[in-house]
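Residue numbers (my numbering), protein chains in the order written: chain A, 14 to 272; chain B, 114 to 401; chain C, 148 to 484.
For the record, the hints were derived by calculation from the structure and aren't laboratory data. All C-beta atoms in this analysis are idealised placements derived from N, C-alpha and C, irrespective of residue type, glycine included. Treat the hints loosely; a few may be bogus.
Mimicking DSSO-like on lysine-lysine, the simulated pairs with C-alpha atoms at most 30 Å apart in a straight line are [what the hints assert, rightly or not]:
#1 C:K176 - A:K161
#2 C:K483 - C:K163
#3 C:K474 - C:K176
#4 C:K474 - C:K163
#5 A:K90 - A:K79
#6 C:K163 - C:K480
#7 A:K161 - C:K480
#8 C:K474 - C:K357
#9 C:K480 - C:K176
#10 C:K176 - C:K163
#11 A:K161 - C:K357
#12 C:K357 - C:K163
#13 B:K386 - A:K257
#14 A:K161 - C:K483
#15 C:K357 - B:K386
#16 A:K259 - A:K226
#17 A:K90 - C:K357
#18 A:K226 - A:K257
#19 C:K163 - A:K161
#20 C:K474 - A:K161
Here are some of the chain A residues that sit facing chain C, going by a computed Cβ distance under 10 Å [unchecked claim]:
#21 R23
#22 D24
#23 T84
#24 P88
#25 D93
#26 T97
#27 R123
#28 E185
#29 P206
#30 R210
#31 G215
#32 C245
#33 G247
#34 A254
#35 K259
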Amino acid sequence: MSSEPLLEVRDISKSFGGIQALAGVSFQVFPGDIFGIIGPNGSGKTTLVNSITGFVHVNSGHVLFKGRDITNRPPHKIADLGVTRTFQIMRPYYSLPAYKNLIIPLFSPRARRTGGWRGGGKLGDRDTVAIDILEEIGFERDSQVPYKMASTLPTGYLKRMELARCLALRPELILCDEVFSGLSMSEIASMIPLLERLQLEGITLIMIEHRLKELFRVANRVMVLNFGQKLCEGLPEAVMADEKVKEAYLGSEDLSDYV
Amino acid sequence: MEILIYGTVNSVSLALMALGFTLVYGISGLPNFAHGALYVITGFIVWTLMRTLGLPYLWAIPLALIAIGLIGAAIYYFILIRVRGMATSEIIASYAIGLAILEGLRWGGFKGLTYTLPVFIEGSWELGGVMVDYQRILVVVIGVVVMALLWLFTHFNRIGLALRGMAQDERAAMMLGIDSDRMAVVAMGLGSMLAGLAAIVLLPLGNIVVEAGYNVLIMAIAVCIVGGLGSWVGAVLAAFVIGFAQILTVVYVESHFQIVVALLAIIVTLILKPSGLFGRQKELEERV
Amino acid sequence: MARASVRRERLDRGIKVRTSGIYAITGWKEITYLVIPRLVLIVGLLLLPLVVTNLYWQRVISIVAIYALLALSFDFLTHFVGLVSLGGAFFVGVGGYLAALLNTQFGLSPLFSIPLATIGGAVFCTLLIMPCLPLRGVYFSIVTLMYPLLAARIIEALNIFGGTDGILGVAGFPNRWVEQYSLIAIILLALFGLRRFVNMDIGLVFRAVKDNDQAVKASGLSITLYKTMAVFISSGLACLAGAYLVHIYMWAGISTLALDFSIIPIAATVIGGGGTLVGPVLGSFILVPISELLRAFGTLRIVFYSLILMAFIVFRSEGLMVYGQRKYHQFEKWIKV
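For reference, chain A alone in the conformation it holds in the complex:
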């Protein structure tokens, strides 16, 4: 694991009107990490993702990707650098079939530069590449599923499509905003090998999650947010045992009941 952070967030703050969503949050993510961000509802997790990826302008602080300052840059430029995200409220293109949804990221300058999903070289037919990506993600190639309208797909497939959308850009970093939410235990269980495989391929993941048990199986470092502030950061077990974290989630109950 290299010692240069892939993503560095320095002291970012964001307020919406009277509400301080983020207050001086700083952390580092290294290449190959699966970095978890947890915290109670309203702790600013999604705002953090939005801030890093340019969907929201921060009031102060910096975001650095591979040493370059990407603070407040337009979202598409940030995605173009290899920092991608999924959306908590899923956003497929409803009027298009599933595989056509991937044409859009495959159309981007980044996809053209990086030569598509696998095997380098020029992109052939985007349709074929799209089907390939969907297969990697877990859609059965020979079934009707990739051809169905995105509006008819169930949650599990849509979540995977969010990831597929990111993968089409051959990213270096994916910020997953609650990919596990809305999925059943078995669906999550089948997603985990996928995430681990992404890690093996050199993609760094930052995962915002509520499902602590499942997250702790994959994450190697975890950070806790509460009321827009970082409470603590470190190995999952250590974070779990931290008093402040327990208090934030549960009052004074024992957090280990939940894991």
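Add chains B and C to chain A, keeping to what the hints say.
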């Protein structure tokens, strides 16, 4: 000195025109393209009440205001509320209504004669060496009074506070028990009355023509874009900026260029600060 | 409680299913099923100038064609990119005035003035609209609404481009066959071209911008860029229509910025069926002759379309084309629940 006085008059006129529009947009999210139509209709209502029914001016005015408020609310309640929330449909529908009214008036109303409303007080006054007619002074006075009343209304009256709450955050307001649909109708009624008030105060300065409807709509939108859609303070400020710019143009360039000022103001705003002076279009980025 | 518990069910017709994909060419019946609607359209359009003999109505064909182009331009921008243009008249005016100027000041024949006006007009309009593209769609509608109104007033006030008299002496077409058939050819090209375009990869990006622009941004694409392209295409079509218009009437004036050019395309699209590209063309063929008939009533005709438009928008009719397509492809029956 002349510039100061006429600049103020112009600015307050613009503010009066724009307030109704920005109020409706800020509260119910509807860009009311029928605003100009409501303006002109009020003029015709007053005229009709006076000529056809023989009512004295002093009676015709409040009646017309009530009438236009009800008309505006009715338009919203029966028609526009059905497309509430669908931005493009709202725009097309209110534009269609505005057009129907204005062109209908052009066709069916009062052809061939010149229609005017009398000024409130005849004569003029000398102010700092410049002769200003009373009507124009009244425009400023009434304008300031209206703005003050609006401010008081939205800060101290229950309904006014509800409207302000809705303007800030509709969902939060609904959670507090404010019926957003009903408030939107009220907002429209209020906005229409403001349009009517502007008409009553400004129309005596000229004739009642259908073209005025379009001009008012253009100026109201220009002011609101520069000031920031939905911001009342912004609208007033923008009105002054544009108002003075126009008068300066009249004095130093040529009076025909007034309208160009409006166009330039819009373009410059869009390029430099698209959300306007006080725009809340940060909502744009926070739509995630 | 003997409440009727039936519901309406719609099923694709057998033949529709049999014609999906490669199976379309398996038999004459299938081929006919697919080809007939398109054939009717193409042949109908091509025959139109021949069939209509009345001189007055011949002129109407050209006007209908112009509005059909405008309606196509509006439908494309609204239903495939999500930008609602309320000021089609502005593009018509720009294209029209530009063509008239090129023709009268520079002596270019319609063969050159029209293409140049189309491209030049598109560039000009796109530049003027670009500042509001990064903003919410509402701004686009407001700005496009304002531009024709402002332009008309500025032309009048500054007395430029001929002021209220307009630019006279614009060259016409050699004969009406050139005029009408070139227009019809353009309509067919635009129609089938746009249909093809919206299904190509780049067309999908446009449609995605309409569906969900945040996701497009997150996919590394600049929506401002694509919106700009869409405005360029759409305004180009409309400027083309405007350029043709001034050569048909041999005159360019403030009425080239008339409200009709903004409103009728919208009404035609809503009535004909938005999102189908064919619907708006159909809608123009219905609406424009009616509007001509109503010319005697002066501006009442605008009241008429405004009210129809409003009724359609508010009561959310799907449009004739969509209804027709549904009937053609599907049949309905009531089944018990």
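- Item | Hint numbers contradicted by this structure | Those not satisfied are hints 13, 21, 22, 23, 28, 29, 30, 31, 32, 33, 34, 35.
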